[in-house]
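J.: Residue numbers (my numbering), protein chains in the order written: chain A, 22 to 908; chain B, 58 to 685.
Honestly, I wouldn't trust all of these hints.
[What the hints assert, rightly or not] Lysine-lysine pairs mimicking DSS-like chemistry, simulated, CA-CA at most 25 Å apart:
id	chain 1	residue 1	chain 2	residue 2
1	B	K634	A	K210
2	B	K634	B	K329
3	B	K492	A	K210
Read the hints as simulated data drawn from the structure, not as lab findings.
The lines below spell out each chain.
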Amino acid sequence: MPEYSGPLQNVELSNTLWLIPLLPFLGAVLNAVLGWRLQRSPWGKEQAKKLHIGHLGVSSIALGSMLIAFAMSVAQVARVVSLPHDRRFLYNHLWQMVRVGTFDLSFDLSLDVMSSVMLLVVTGVGLLIHIYAASYMETEPSYWRFFSYFNLFIFSMLLLILGDNFLVMFFGWEGVGLCSYLLIGFWYKDYKKATAGMKAFLTNRVGDFGFITGMMILIWGLGGAWASGEYVPDQLPRLVAVTVDDAAHAEHGNATGSHDAHEKASGHDKADSHDKADSHSKADAHDKADAHGKDKADPRAKGKKEQSFVPGDPAYLTFTAFGGAKVIVDNNTTQPLYAPIVHHNVGAGRHTFKVIMGGATEDLEVANAMFQPNKETHLAAIGPVLSFHNLSDQMAIRNDKGVQPFKEGLAGKRLWGLSLITLACIGFFIGATGKSAQIPLYVWLPDAMAGPTPVSALIHAATMVTAGVYMVARLNFLFSMSPTACGIVAMTGAATALFAASIGFFQYDIKKVLAYSTVSQLGFMFIAVGVGAYWAGIFHLMTHAFFKACLFLGSGSVIHGMHAVEHDADRAQDMRIMGGLKAVMPLTRRTYQIACLAITAAPIPLFAGFWSKDEILWKAFTTQNTGWAPGPLIYLMGLAAALGTSFYMWRSYYLTFEGKPATKDIPKKVHESPNAMTWVLATLAFLSTFGGVVFGFSSHFYGGHGEPLLEEWLHPALRHAQVAFQDQGLAMEHALMWGSVGLAILSWRLAKKRYGPDRPKNWEELESKLPMFQLIHDKYRIDELYQATVIRAVLVLRLVLRDMDKYVVDGIVNATGVATRATAFVNGAIDKYLVDGAVNLVAGVTLRAGNRIRQVQTGRIQSYAYGLLGGVAALALLQFLIRYYAR
Amino acid sequence: MNATLGAMIDLWPAILAGAVGALVPRKPSTWQRAGIGVIAALLVLFVMKLWPDAAVAAAPSAPSGEWPHLLTFLIGLPLAGAILMLFMPRQSPGLLRAMTMGILLVDLVASLWLLTVPMGVGWHFVSVHDWIPALGIRWHVAVDGMSLWLVLLTTFITPIAAYVSFGSIGTRIKDLCFSLLLLQAAMLGVFLSLDMFLFYVFWELALVPMYVMIGVWGSADKIKAALKFFLYTMGGSVLLLAALLYLVHTYSKLTGTMSFDYLALNKVLLPKHVQMMCFWGFAIAFFVKVPLFPLHTWLPDAHVQAPTGGSIILAAILLKMGTYAYMRFGMGLFPFAAGLQSATLAGVAVFGGILYGALCSWKQDDLKRLVAYSSVAHLGYVMLGLFAGTQASMQGSLLQQINHGVSTGALFLLVGVIYDRRHTRTITEFGGLAKVMPVYTVVFVIITMASIGVPGTNGFVGEFMVIMGTYGSLRLGKFGGVDAVLAAAGVILAAIYMLSVVQRVFFGPLKNPKNRDLPDLNVRETLALAPLVIMVFVIGLFPSVLLSRSAAAVSAFEMRNRLVWMSAQELGEGEPKLVTQDMLLEGASGSAREGMANTLDEMDRGAPVIPPPPAADKPAADKKEASK
């Protein structure tokens with residue numbers, strides 16, 4: 022029996038993964054350096070004009086790099102598909118960044134089943150929006166700058182997705198924030214737009230603070246051991262040999278997983294979990310001792326009966342931590358291996374490994390690791406590892422007693438009176454609220470609509486804002502360990518979904534409506550990942566990318582057309598001056614309508630959004646993973662938000678496309694957008710129609726056992742998450758599903774009645790008389806609230822501190838200076854008047870005395886004679902007196 | 058014939074001095090010049106005769122590939138250049154500039170040699186010569202992983218600063234060149250010297266040229282700022298000198314010999330309260346230089362008044378003298394006291410440096426003052442990393458010192474660019490510059506991103522490592538987590554104040570008509586900025602280039618400090634004594650002990666030999682003598 026086993030992730034090496042992000046990066050650099058000059062060259066002017074795009078050279082650099090990146094992504098994903106189920110993971114080690122004590126950070130990329138989905142969405146939708154933007158930004162003077170930023174954004178987003186560890190993900194995480202900042206403020210001459218960019222960046226930074234804090238707590242928790250309640254740092258990661266369960270075993274492991282989950286569900290009692298935590302930490306300490314002792318060939322392990330195997334049977338080694346480290350097998354120094362090592366045949370039997378890290382990091386050793394014949398054995402890094410797959414493997418490792426020591430060790434740790442894992446997850450979630458615009462950090466997203474519309478579609482709808490969802494789904498093995506954190510995630514998501522949907526009711530700016538809709542839909546995704554239906558979250562992320570991109574680009578097309586009658590940028594987005602565009606922009610209108618159907622599932626269900634949203638609501642209803650937050654409540658909030666969605670989306674559709682035009686110029690001057698734009702819209706509309714049913718359909722709906730395609734595909738990435746759902750039965754599921762569709766149709770009817778083709782002339786007035794209209798129209802005045810509290814407080818504080826620095830801290834220094842000068846003055850005075858004064862006085866007196874006395878010496882003989890006589894007289898008198906008195 | 062030739066070779070310095078004396082001054086008559094030459098030759102001869110015979114004191118055998126005089130050359134070249142500068146004609150500034158640049162570039166190229174040797178534990182390029190043997194003062198210079206990058210930073214930044222200065226300063230070129238060269242020599246001396254006396258000399262010497270630079274080429278209120286800078290630093294140094302003398306005195310009592318060598322003095326184990334006082338003496342001197350709150354107020358004044366080149370050097374290198382000296386000498390000589398104080402000091406670094414500096418910075422109207430306060434915030438991270446004292450945080454801190462040098466140096470350069478054009482640095486004077494100066498804007502935004510620590514730029518890696526390292530620090534105990542979280546919050550503030558500058562200077566409409574025709578970066582400025590921008594990305598993406606060279610030294614340093622800490626704890630308030638290796642390695646055994654002993658030996662390479670311990674009654678006699 023091996024000491025450790027578990028359903029670890031088998032990987033395949035890839036040498037080409039890095040090319041995917043490299044291409045957009047090259048595109049960005051090329052356009053940044055050459056674009057400025059290129060755009061002035063007359064080359065390809067005619068073709069460009071024919072195609073209704075900006076400069077041909079700039080466009081071909083930007084679009085070409087995107088096209089190749091997309092093609093390569095497809096190729097890489099095809100490779101992933103071709104791999105056997107348990108090996109669907111490409112790993113590409115690039116270079117080592119930091120290896121100091123606790124930290125081992127490499128620039129590694131990986132492509133697993135989940136990032137495959139994201140990769141296709143980002144490069145695919147990204148490519149479409151690039152094409153659209155080439156036409157939309159046709160007349161922009163800084164066309165090259167726009168595409169340079171745009172490609173740079175794709176590059177950052179790809180790093181975020183493909184990053185194998187927290188560090189690379191954080192590179193992308195901040196990178197997309199930076200690009201978002203640059204693109205929102207693209208028209209920087211408008212101070213308000215530049216300010217919106219800054220607001221986005223700063224709000225995201227608040228989120229990043231949470232991300233970093235979460236990472237800190239997690240690393241700390243993984244790195245330290247709690248011996249008798251005291252934190253003892255365990256600076257170095259350790260290595261253990263872990264035999265990977267084969268496929269059949271893996272299924273078994275999965276079964277035990279759900280068993281555990283049931284146990285968890287039954288033991289929600291807090292005291293119970295306390296007990297559990299205590300015993301876990303003990304087990305952990307014990308286990309750690311074991312692991313340490315193992316280096317010196319544990320006699321107990323030796324005493325055990327070794328399994329029989331034929332020497333020479335193949336056995337495989339995989340070692341993906343510490344990229345670049347030298348691995349010496351069985352003291353064979355002549356042929357060292359270099360990490361990462363994948364599927365390397367070392368022969369069955371016991372082996373000893375020495376991993377030489379280089380630098381100041383101590384070498385690691387694994388002695389006498391048992392290698393089962395025909396099985397894969399990993400040298401798994403235990404402790405503060407930052408790679409997602411190493412971390413998730415660590416949580417899945419079982420020892421020979423069937424417990425998962427490292428997972429339980431982590432779960433048992435507490436910090437500041439709370440479970441450490443909960444705190445770490447909350448930290449990460451704060452990061453997600455920033456990036457994915459959830460309460461309380463959603464305020465930047467509506468303002469971000471100041472950027473060009475393709476930017477809103479790509480960054481603020483389809484890709485970047487979903488990064489938070491992706492991150493939580495990526496960390497499913499951590500979040501599923503903390504029901505409290507999951508509850509927070511799901512409740513925040515539900516609250517945001519509802520809150521943002523309600524704000525969407527009474528906005529006039531078409532892009533603002535879509536922005537709040539995005540916030541609301543992101544809330545749905547967080548409901549999904551919060552309640553434990555990670556695949557549904559990713560599913561909704563995907564369908565949302567299709568239909569929301571379509572909606573945004575549709576609105577862009579409308580705005581593009583409206584510029585013919587309205588030159589003010591803000592007014593051109595106002596739905597009050599639109600109406601009746603159906604006639605002049607038929608293609609745009611049709612795609613917008615399809616996307617509306619996809620997002621609202623009403624009046625016609627079965628478009629993309631229906632599948633994902635319904636799955637989310639159903640999972641929310643039956644969840645057992647949210648701890649303090651009851652599933653049905655989350656369900657109800659989600660349902661209400663879905664009804665709201667139906668209302669405000671159809672409102673926007675009707676106000677824009679149906680009814681009578683607001684001005685007479687509209688039918689005359691407004692035209693359908695160029696082909697490059699409408700084709701993209703059509704493609705996205707197609708995806709919005711069928712994207713759901715292809716990936717989300719399940720034979721389960723009519724009593725079969727088939728899982729939806731996407732769920733099955735994502736299973737390898739999500740299998741370590743222990744989640745459980747109540748079995749409520751098929752009837753219940755159908756009832757809820759069709760019930761929600763019915764309600765959504767009702768709310769569509771309402772929207773149609775108020776804003777439909779024959780809306781009353783005074784719809785605006787009617788609307789404004791509704792209760793709460795003003796508050797909702799003002800977005801609940803949350804921005805003003807923040808302004809008055811947090812921001813004002815910081816502003817005042819900085820003033821106080823600046824003045825304090827100037828007048829108090831520096832004041833003391835200056836006062837010391839002044840005091841020294843005063844002392845010097847006094848000192849000088851004393852020196853001048855007292856010390857020197859005394860000297861001068863002596864001299865002066867002498868001088869003056871001399872002066873006086875000098876007058877005596879006149880040179881006249883008479884005077885001397887008088888003096889002589891006087892002297893004699895005086896002496897005589899003296900003599901007389903002495904005599905007289907002496908008597 | 059041969060004998061004459063031999064004598065001539067022996068006496069070459071005197072002959073050289075005579076020749077220089079006779080040839081260089083042009084004005085006086087032949088006889089006068091001959092006289093000067095003779096006097097110079099005799100003077101040198103006199104010094105040579107008086108020089109102690111044992112010139113080379115037991116210098117350790119240099120490993121192959123290391124030229125033992127390299128460091129002496131690095132310091133000596135600019136110093137000699139500075140002296141030579143005094144004899145150059147003031148009328149040909151072109152020649153002066155070329156010569157200065159040449160010397161600085163030769164120094165840069167020569168310093169690259171340091172990269173060719175693998176920096177493990179211990180000292181490299183050690184060069185030891187007796188200087189004042191009676192007091193045990195030696196010329197002892199050496200480099201290790203901790204000082205390596207600061208030396209390179211110095212040789213890298215000074216030419217850039219010089220190049221920039223030559224562009225913007227047109228008066229008193231000779232004085233400027235002299236100051237730059239002298240400054241370079243002094244700064245290198247600080248980073249390289251291991252003899253505390255030598256260190257002190259260079260430490261003080263570095264003040265003079267900077268004082269001149271601020272005082273001569275500064276703006277309106279220059280004299281006050283220069284004085285403040287000089288006196289503040291000087292005041293701190295006095296405490297350093299007092300503590301140092303006490304330490305040397307104790308050492309001589311314990312061993313019977315005098316030495317100012319760092320490697321000798323770090324063997325002295327003082328009782329707790331004495332150690333604490335000595336530590337504060339050292340620390341305050343260094344904190345003034347860093348500067349750490351509340352000793353930082355000289356910095357904004359000095360920066361605002363200093364010319365661009367001066368600001369670059371001041372921010373990029375001069376401040377690092379404080380951080381480096383704290384790390385090397387403050388922590389190295391008094392690990393126990395430093396450890397005991399670290400929780401308090403870390404609090405000061407977080408609140409007074411990171412948060413306070415950032416908030417103060419936000420509300421400044423003067424660009425330079427703003428960047429100066431941002432330096433206070435950045436150096437808060439550096440100091441926090443040192444106070445936390447874990448391997449990761451110290452490595453991060455070391456990296457952050459380099460990063461700050463690069464990015465803040467570049468920021469001052471950029472501010473200088475705009476100051477040269479408009480002769481004002483008030484933020485409200487600008488706005489919408491992105492339109493007229495696009496390249497300048499791009500560079501400014503890149504450096505801003507580096508300064509606020511966006512991943513991919515250099516600032517991120519350092520800050521990240523400091524924060525992560527601080528979290529698990531045992532020294533800081535339960536405050537480690539709080540400090541780390543607050544330091545992470547400081548990252549938000551950094552983004553706020555830097556981005557609002559970018560916002561107000563570059564974005565929005567171009568309102569001020571004076572800005573309408575500002576020229577973009579010229580060739581000189583572009584050339585000066587390019588290496589800095591490149592470094593931003595090199596460090597940001599490949600930090601292991603730097604970290605791998607300093608890793609071993611930092612971990613050994615940390616290990617030694619830990620061992621000394623334990624010995625010091627044992628000593629408590631007892632009598633001062635000398636640390637021996639056996640004492641340090643008390644707890645260890647087996648191969649671990651052997652490894653640690655090897656490391657300690659490596660770290661002592663080049664240390665002065667301690668004579669065999671005197672007999673039991675001798676210390677008492679020594680004490681009496683000393684008290685006389």
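J.: Given the proposed pairing of K634/B with K329/B, does the C-alpha separation stay at or below 25 Å?
T.: holds, 12 Å
J.: Compare the distance between the alpha carbons of K492/B and K210/A with 25 Å, and conclude whether the hinted pair is satisfied.
T.: With a Cα-Cα distance of about 8 Å, the restraint between K492/B and K210/A holds, given a limit of 25 Å.
J.: Checking one constraint from the list: CA of K634/B to CA of K210/A, max 25 Å. Satisfied?
T.: Roughly 69 Å separates the two Cα atoms, so the pair is violated.
Consistency with the previously given hints fails for number 1 only.
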